[in-house]
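Add chain B to chain A, keeping to what the hints say.
Residue strings, one per chain:
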Amino acid sequence: AQSVTQPDIHITVSEGASLELRCNYSYGATPYLFWYVQSPGQGLQLLLKYFSGDTLVQGIKGFEAEFKRSQSSFNLRKPSVHWSDAAEYFCAVALTGFQKLVFGTGTRLLVSP
Amino acid sequence: NAGVTQTPKFQVLKTGQSMTLQCAQDMNHEYMSWYRQDPGMGLRLIHYSVGAGITDQGEVPNGYNVSRSTTEDFPLRLLSAAPSQTSVYFCASISDGTEAFFGQGTRLTVV
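Chains A and B, in that order, are what the protein sequence lines are.
Going left to right, the first sequence walks through residues 1 to 113 as the numbering used here numbers them.
Going left to right, the second sequence walks through residues 114 to 224 as the numbering used here numbers them.
It is worth saying that the hints were derived from the structure and are not from the lab.
A virtual CB, placed ideally from N, CA and C, is assigned to each residue, including glycine.
Check the hints yourself; a few may be wrong.
Which stretches of chain B does chain A cover? Using the computed rule of at least three CB atoms under 8 Å from a CB of chain A, they are [what the hints assert, rightly or not]: (1) 149 to 155; (2) 158 to 171; (3) 215 to 224.
Using 25 Å as the maximum straight-line C-alpha spacing, the simulated SDA-like pairs for lysine to any residue come out as follows [as the list claims (entries may be wrong)]: (4) A/Lys100 to B/Leu126; (5) A/Lys100 to B/Phe214; (6) A/Lys100 to B/Ser197; (7) B/Lys122 to A/Glu88; (8) A/Lys68 to B/Thr211; (9) A/Lys100 to B/Thr184; (10) A/Lys100 to A/Gln45.
Extracted from the complex, chain A is given alone in its bound form (with noise of 0.2 Å):
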């Protein structure tokens, strides 16, 4: 079947230290990929997308992913962490409709000074 992980339920990090939030997905094909955050209340904001070309992608607000086909993985990195950064993070990938995504339960980070 089809899926996508994230193994971290939370994940707690000091301010202005490195960050990576780990993605796996289960598909036969490399799917399109992207990286959701959500503060609490609020929707979800795209951070950054993964098609296809460059395995690294760069998003909005520092954040960047790595495409790794032999692990299956597409995790989520920023290199110092703002306390703003404390939210949930969703990881998800569509095959073809992109009106289809299928998401990973979600990584909620928080931020300790």
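For chain B alone, kept in the frame of chain A given last:
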């Protein structure tokens, strides 16, 4: 530019009641979708539409109906609310560039 507007923001229903969650977008997008978000389960697709007059089922369609009479509007109908439908509902409008724009959600409680 309002983007995606969902109404209401909060709703409490009694079991068996019906209601319609409204979603409107002003970006002229053809693709629209409805998701529900439950703790520990991420977002799951309920129904989607690829244009006016065209809808299809997603992963969890039971108990929900949709229609798409105009490009702008994509209402979600709960026919007979059940406690299992307590959730946060998000409408999304998808651009040609494949970015999904989400509304702020409707928090529904069924008692």
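**OP:** Could you work out which earlier hints the structure fails to respect and list their numbers in ascending sequence?
**Re:** Going through the list in order, the structure violates hint 4 alone and respects the others.
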